[in-house]
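So the protein lines, in turn, are chains A and B.
For the first sequence, position 44 (counting from the first letter as 1) is numbered 1350 according to this note's numbering, and the numbering increases by one without interruption.
For the second sequence, position 89 (counting from the first letter as 1) is numbered 91 according to this note's numbering, and the numbering increases by one without interruption.
Hint data in this document are derived by calculation from the structure and do not stem from the laboratory.
Note that the structure is predicted; figures quoted are calculated from it, not measured.
Quick reminder that beta carbons are idealized off the backbone N, C-alpha and C, glycines included.
Careful, some of the hints might be misleading.
[Claimed, not checked] Covered by chain A, according to a simulated footprint, are these stretches of chain B (three or more residues, beta-carbon under 8 angstroms):
#1 27-35
#2 48-56
[As the list claims (entries may be wrong)] Calculated pairs, DSSO-like style, for lysine-lysine (alpha carbon to alpha carbon, straight line, at most 27 angstroms):
#3 K1385/A / K4/B
#4 K1313/A / K321/B
#5 K321/B / K1376/A
[Stated by the list, open to error] One-sided and incomplete, this derived list gives chain A residues near chain B with beta-carbon spacing under 10 angstroms:
#6 D1343
#7 N1347
#8 P1351
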Amino acid sequence: MNAQFKKGIIEMCVMHLVEQQPMYGFEVIESLAKDIDVNENTIYPILRRLTDQGYFSTYTEATNIGAPRKYYRITESGKDRMEEYRKEWNRFLKGVFRILEGRTV
Amino acid sequence: MKTEYLAKIKKLLSEYEISKTEIDDIVSDYDGMYEDGLAKGMNEEEVQNFLGNPEVIVQDLAEGYERKERLKSGRKLVALSPFISIIIFFILGFGFEKWHPGWMVFLMTPISAVVVEFVARRSKGSLIAMTPFIALIIFLALGFSLGIWHPTWLIFLAIPIVSIVVSAKNKGLWETLTALSPLVALIIFIICGYFGYWHPTWLVFFIVPILGIMNHKDVKKRIIYEVTLLLTIGLYLLVGYISGRWGLGLVVFLLPFAVSLLMNDVKLEVEGKFAWLELSLAILFVIIYIGFGIWLKTWGFLWMIFLLIPMVSIIRKVKGSRKIVALMPFLSLIVFFSLGYFLGAWHVAWMAFLSIPVTGILVGKEKNHK
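For reference, chain B alone in the conformation it holds in the complex (with noise of 0.2 angstroms):
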C-alpha cells in the first residue's frame, strides 16, 4: 500500500513541469512520513489518512508549476518561430526590401518563449508578461517612424506599474499609490527635464513620502507631515525663485528632519539592522543630486544613483539566484539609459531589457534542473 501511496504522489507530479530530483526528494520524504507514522503504531490506512490525499498534496506542491501537455504545444510554436522568422525575414526583405525594420520578426522567438513560459503558468501576471512587448513594440514605432527615441522609453516604466496595478487587489489604495509613486515621478521627472526643466522639477520625488505618509494610521501625525512637507516644499521654491539661491533654500529641507526627530518617528519607521545604511544612502544620495545638480547641471543623468537604494535593498534582502533576477530591471534600465543619454544609441539601448526576461528563463530552469 505504501508502494502505491508513493507511486501516486510521484506520478501526479511528473505531469508538472518539475525536475526528476524534487520529485524524488519529495517521495523520498513522504517515504520517510510513512514510516514514521507506521513506527507510531498507526495502521496503513491511518497513516494515508494522516499525510492526506496524494492529489490535494500534489495540487498544493504544484503551485507554481505548469502541466506538461499545456506546456509542449506552446513550447512547440516557440521551437518553430525562429524558422517562421527566418521565412518573414527573407519575404520582407527579398521581396520589399524591407531588411529593415524587417528585422524585428526575430523578436517573436523571444516574445513567444516569455509569453509560454509566464502566460501559460495561469497566472495573473498575462498582463503583466504582456505588457513588455507592448511597450516594446510602442518604443520602436515612435522611435524608428518619428526618431523620438528619448523620452520615449519611459513607456517602459509601464512594465512595474502594470505589475503593481494588477496586484493591487490585496493592497489599500494608499499603498497602491505610494508603490506607483516613484515611477509616476520619474516619468513627470523625465518629462519635464525634456523640455530643459530638470530644476526644480525633481521636487516631484516629494509625491513619494506625502502619498506614503497617507499609510499612517494616525491621523494627527498624517496632518503634520503633510502640512510639514508641502510647507518645505513651499519654502524652498520661495527662496529659490526671489533670491535665486536654491542651494540656500535646501536648509529649509531640515525642517521635516526636525519633526520627524521630534516626533520620534526617525526612530520608529527605521526598524532593522540595515535600514539605517538604506536611510543614510537615500540621504547622501539626494545631497549628491541636488548638489551636482545646480553645481554641475547633472539633473538629466544623476537621477540614476536613486536606483542604487532599491539595488542595495535588494543585495541584501533577496536570496540565492533571484538576487540577480531582481537586480536586472536596475541594471538594465542604468545600461539604456546611459547608452541613449551618453551615446545618443536609443535605438539599440532598449536591446538592454531583452536581458530581464532572459535572466529570468535562465535562472527559472537552472532551479527547476537543481
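Chain A with its partners taken away, still in its complex shape (with noise of 0.2 angstroms):
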C-alpha cells in the first residue's frame, strides 16, 4: 500500500481513537498495534503534528511509575476534522466498493 495513503488512514484512526476518549501515547501505539500492521515508530509524530494543528491538546496525569502522563484530547477543531475525515472516507470506500461490484458501467 502506498505509504502515504497509509499515513492518512492511520491519522485518521489515532484522531478516531483520541476522540472516543483521552489517551497516552503508549495506549494509542498499542491500541493501533493491535488492530493494524503499522510501524510504531511513524503514530508519534502524527501525535504531534496533530497536537501542532491544533486538533489535539495535551495535559498531564500523575502515575504511579514515575514521571506524569502526557494525555492527548480531541479539540473542537479536530472532532470537525474527524468528521470530515469520516465523509471523506466513506465517500471514498463506497466509489471502491461500487467499482469492486462492478455497478460503475
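Need the complex rebuilt from these two chains, each delivered in its own frame; the hints are there to steer you.
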C-alpha cells in the first residue's frame, strides 16, 4: 500500500481513538498495533503533528510509575476534522465498493 | 539502555533546526512511553522495538526542518550580504553615479535570507521561493526603465500561479484550472481595465464557476450549469448592448441562482456553519461591486473587496500565528494597489510585498523558539 495513503488512514484512526477518550502515547500505539500492521515509530510523529495543528490538546496526569503521563485529548477543531475525514472516507469506500461490484459501468 | 536510547533521539534531533524546548519535550515524551512499556512488562529490547528505531523516528519528526550544517553555510552568506551590498552600492554610487538604481543591491539581503531559509529546506518549493524575486526584478526593471508600473505589477500574481502549478501534481486538471482561474481572471480584468474596459470585462470572473463546475461528478449537472452560466452572460450582454440598461440586465443573474435552488445544489455546496457567511459576503460584494461600478465607475479599485472573502475564510480557518502569514499576501496586495492606484506611488508600493517573506520568517522563527 502506498505509504502516504497508509499514513492518512493511520492519522484518521489515531483521531478516532482519541475522539473516543483521552489517551496517552503508548496507549494509542498499543491500541492501533493490536488491529493494524503499523510501524509504531510513525504514530508519535502523527500525535505531535495533530497537536501542533490544534486538533489535539495535551494535559498531564500523575502516575505511580514515575513522571506524570501526557494525555492527548481531541479539540473542537479536531472533531470537525474527524467529521470531514469520516465523510471523505465513506465517500471513498462507497466508490471503491461500487467499482469492485461493477456498478459503475 | 533507556538512557542511551533517549540520548540517541536527542542527539539526532539536535542535528536539525529544532528548538531545545521542542527537543526536550519529544525526549520527555519518549521517556514516558518507555516507562509505560516497562510497566506493561516488556523488557528494554521489546520496548525499543515497539517504540521504533531512533533514526526513523527522527526522520519523521524532523520533516520540514533543515539540517544545521546545511543552513550554517547559507546563513554565513546571508550575514555577509549587507557588507557586500554596501561595497557594491558605494562602487556604483561613487564610481558611476548610479546611486539609483544602485540602492537595489540592498535587496540582496532579504533575497538571500529567503533563498537560504526556503530553498535550503529541500522542499519542492524552491521555484516557488524564487518566484517573488524574479517577479520583483521584472517589475522594477520595467517600472524604472519604461515607467509602466501599472499594470506590470500583475507579474506578482505569478507567485500564487507558480505555487498552484507546482503543487498541481496531487490535483486533477479541472481542480488546478479552477484554482488558477481567479488569478487569470484578475490579470485579464486589470489589463482590460487599464485600457478602460472595466465593464463588461468583469464578466471574466465567471470563468471561476464555469471551471469549478467541471469538477462536479454528475455530467448532467455539469451541462445544465455550464449552459445556464453561458446563457446568463449572453443574455446580460444582449440586454446591455441593445437597451444600454446594464443595471436592468443584472436581473438575468437570478437565473443561475434559480437553477441551483431548483437542483437543490445551493444546500449541497454550502456545507459547514460559516460557509453561508462566505456565500452571503460573496453575493453582497458582487452586488456592491457591480452596483457601484455602474453608478460611480469604481471598477478600477473596488475589486479589492473580493479579497475580503478569502480573508474571512483564513481568519476563521487558520489557527494561531499562521493566520497573519496567510493574510499577509492579501493585505500587502491591498496596500500595494491602493498606494499605486490612488497616489501613483507604484515605484515604492511594491515594498508592501516584502512584508510577506518578512512575516513568514518572523512567525517561523517564533514557532521554532517556542
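State the violated hints by number, sorted upward, taking the hints as numbered earlier in the document. Going through the list in order, the structure violates hints 3, 6 and respects the others.
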